[in-house]
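Construct the entire structure; sequences and hints are all you get.
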Amino acid sequence: EAGVAQSPRYKIIEKRQSVAFWCNPISGHATLYWYQQILGQGPKLLIQFQNNGVVDDSQLPKDRFSAERLKGVDSTLKIQPAKLEDSAVYLCASSFLKVSYNEQFFGPGTRLTVL
Amino acid sequence: SQQGEGDPQALSIQEGENATMNCSYKTSINNLQWYRQNSGRGLVHLILIRSNEREKHSGRLRVTLDTSKKSSSLLITASRAADTASYFCATGGGSSNTGKLIFGQGTTLQVKP
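From first to last, the protein sequence lines stand for chains A and B.
Following this note's numbering, the numbering of the first sequence begins with 2 at its first residue and continues without gaps.
Following this note's numbering, the numbering of the second sequence begins with 3 at its first residue and continues without gaps.
Hints should not be assumed to be uniformly reliable.
Simulated restraints, written as ranges between beta carbons of each label pair [what the hints assert, rightly or not]: (1) P82/A to K71/B: 38 to 48 Å; (2) Y102/A to D68/B: 12 to 22 Å; (3) G54/A to P10/B: 12 to 22 Å; (4) D68/B to S28/A: 37 to 47 Å; (5) R65/A to R43/B: 22 to 32 Å; (6) E15/A to R56/B: 50 to 60 Å; (7) K72/A to D9/B: 42 to 52 Å; (8) L116/A to T79/B: 41 to 51 Å; (9) L40/A to R43/B: 12 to 22 Å.
If you want a taste of the chain B side facing chain A, the calculated C-beta under 10 Å gives, among others [what the hints assert, rightly or not]: (10) A21; (11) Q35; (12) Y37; (13) Q39; (14) V46; (15) L50; (16) S88; (17) C91; (18) T100; (19) I104; (20) F105; (21) G108; (22) Q112.
By construction, these hints were calculated from the structure, which means they are not laboratory data.
Ideal Cβ positions, reconstructed from N, Cα and C, are used throughout, including at glycine.
Structural data, given as structure tokens:
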């Protein structure tokens with residue numbers, strides 16, 4: 002089966018610019034996650050969707066980050082305006098069930114560099 | 003929030019040797035998972051152990067869980083060059099089992115041929 006798709010794979014922008022990332026989860030997976038992984042650290046959950054509803058966005062910096070999953074399939078994550086500390090890899094993951102013992106499948110990530 | 007640091011943060015061994023890495027966590031859990039990350043395949047799920055289990059095996063992997071110490075270890079036996087990667091533990095569950103995972107800082111493993 003096809004895995005989680007993400008684009009773009011790499012993005013370089015200047016601070017204060019905006020950027021958007023796209024994710025297409027595995028077909029049939031109702032739960033979608035966006036993680037931020039700073040170099041040398043483990044992934045940190047930014048937002049979790051169940052279909053097109055938000056389950057957890059407690060660690061999303063809502064003054065600059067936004068995410069949507071309008072039709073319960075694809076999702077976009079936006080940063081506006083970007084800061085230097087947003088340089089990281091942004092990972093999208095999906096799972097069939099909304100429970101933690103259900104395996105999460107990760108996409109290849111988008112590496113963002115903010116200059 | 004993040005879990006504790008990987009222990010060790012970096013590990014270098016020869017092919018054929020065993021590799022042991024540890025992780026600690028802070029919150030109550032109902033399961034702990036280990037993931038591997040390398041540049042070629044991204045982040046991949048390896049094994050899950052539930053909070054009522056103490057040990058689990060999968061191929062060359064052995065995971066232990068000590069909930070009283072809030073710690074887990076991952077043992078890779080007979081390591082191969084292809085095992086070179088970063089390994090992360092992630093905890094799930096607790097009071098609200100929404101699917102959220104909290105990842106540790108990870109251990110970088112280098113296996114020399």
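(request) Using 10 Å as the Cβ threshold, decide whether Q35/B counts as touching chain A. (result) holds (8 Å)
(message) Just to be sure I understand the hint, the distance between the Cβ atoms of P82/A and K71/B should be within 38 to 48 Å; is that true here?
(response) With Cβ atoms ~44 Å apart, the hint holds.
(message) Given V46/B as an interface hint, is its Cβ closer than 10 Å to any Cβ of chain A?
(response) It holds, given that the least Cβ distance between V46/B and chain A is near 7 Å, below 10 Å.
(message) Does Q39/B hold up as a contact with chain A if the rule is Cβ-Cβ below 10 Å?
(response) holds (8 Å)
(request) Mind checking the CB of L50/B against every CB in chain A and telling me if the closest is under 10 Å? (result) holds (6 Å)
(request) With chain A as the partner, please determine if Q112/B meets the hint condition of a C-beta pair closer than 10 Å. (result) For Q112/B, the interface hint is violated, since the closest Cβ of chain A sits about 15 Å away, which is over 10 Å.
(message) The hint names A21/B as touching chain A; please verify it with the least Cβ-Cβ distance against 10 Å.
(response) violated (18 Å)
(request) Could you say whether the range 50 to 60 Å given as a hint is met by the Cβ separation of E15/A and R56/B? (result) With a Cβ separation near 52 Å, E15/A and R56/B satisfy 50 to 60 Å, so the hint holds.
(message) Checking hints one by one. Is F105/B an interface residue toward chain A, by the C-beta closer than 10 Å rule?
(response) holds (3 Å)
(message) If I claimed the Cβ atoms of D68/B and S28/A lie 37 to 47 Å apart, would that claim hold in this structure?
(response) holds (38 Å)
(request) May I ask you to test the interface hint for G108/B with respect to chain A, counting a Cβ-Cβ separation under 10 Å as satisfied? (result) holds (5 Å)
(request) Closer than 10 Å between Cβ atoms is the bar; does I104/B clear it against chain A? Give me holds or violated. (result) holds (8 Å)
Of the numbered hints stated above, those contradicted by the structure are hints 3, 10 and 22, listed in ascending order.
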